[in-house]
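A.B. asks: Line by line, the protein sequences are chains A and B. Those letters in the first sequence? Residues 1 to 113, by my numbering. Those letters in the second sequence? Residues 1001 to 1116, by my numbering.
Careful: at least some of the hints might be erroneous.
What the hints assert, rightly or not - Beta-carbon label-pair distances, calculated as ranges:
hint, chain 1, residue 1, chain 2, residue 2, range
1, A, P40, B, T1116, 21 to 31 Å
2, A, P105, B, Y1102, 14 to 24 Å
3, B, T1002, A, K56, 25 to 35 Å
4, B, Y1102, A, N67, 14 to 24 Å
5, A, Q3, B, R1081, 29 to 39 Å
Rather than coming from a laboratory, the hints here were simulated on the basis of the structure. All C-beta atoms in this analysis are idealised placements derived from N, C-alpha and C, irrespective of residue type, glycine included.
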Amino acid sequence: DQQVKQNSPSLSVQEGRISILNCDYTNSMFDYFLWYKKYPAEGPTFLISISSIKDKNEDGRFTVFLNKSAKHLSLHIVPSQPGDSAVYFCAAARGNYGQNFVFGPGTRLSVLP
Amino acid sequence: DTGVSQDPRHKITKRGQNVTFRCDPISEHNRLYWYRQTLGQGPEFLTYFQNEAQLEKSRLLSDRFSAERPKGSFSTLEIQRTEQGDSAMYLCASSPQTGTGYSPLHFGNGTRLTVT
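Chain A on its own, in the form it takes in the complex:
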């Protein structure tokens, strides 16, 4: 039972355009959400997070949107750069049940020059 889903295994975007990565979750107890980026042969690197009390969080080129009623979040990257090409993981945590984070299967983003 996959609690965090990323239904697009891959996404290609032209340099300078917007990249939108999507994530859906099933457990309404999740109250903290994160996005990670992973390059080959490296561990995941934290990008941005959002608490369930907010619906938007912005950090430079990266913005995360949370729609709790739809159990959906998205990561927007504007403008996309070739260095953004990586696998992006969505993760969620649930406060009352401990500190473990549940990750989605990832979306591979390719930014084309």
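Could you slot chain B onto chain A? The hints should help.
C.D. replies: Here is chain B on its own, set in the frame of chain A:
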């Protein structure tokens, strides 16, 4: 901040052998996590320490797996009697304890285990 360090980076072992991995977290982080990642999947939670106390273990952590963090600093993950299904990337992460209860995980570069 030297980051989370994992050793070794790669381990090849024969089925039935025991292996041990080490993780050195960021020095001021008191929370430490082990995750496992297989191809095409996201990291899967294995276990979590706060200081030296192991507070959570996943159902994925069978009896052949054991993790320790004896002095609340580095941690080891041991797999006994390895099986081919144990082949994966083993990731360690750490985070500081904050008043809000949540902080992002900082991952190491992992140990890739191949069981032949």
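A.B. asks: With reference to the structure, classify each hint as holding or not holding.
C.D. replies: Hints versus structure:
Our hint of 21 to 31 Å for A/P40 and B/T1116 holds, since their Cβ atoms are close to 23 Å apart. Restraint check, A/P105 to B/Y1102: a C-beta distance of roughly 22 Å satisfies the suggested window 14 to 24 Å. For the hinted restraint 25 to 35 Å between B/T1002 and A/K56, the CB-CB distance of approximately 34 Å keeps it satisfied. Between B/Y1102 and A/N67 the CB atoms are about 20 Å apart, so this pair conforms to the stated range of 14 to 24 Å.
For A/Q3 paired with B/R1081, a C-beta distance near 30 Å keeps the hint of 29 to 39 Å intact.
Checked against the numbered hints given earlier, this structure breaks none of them.
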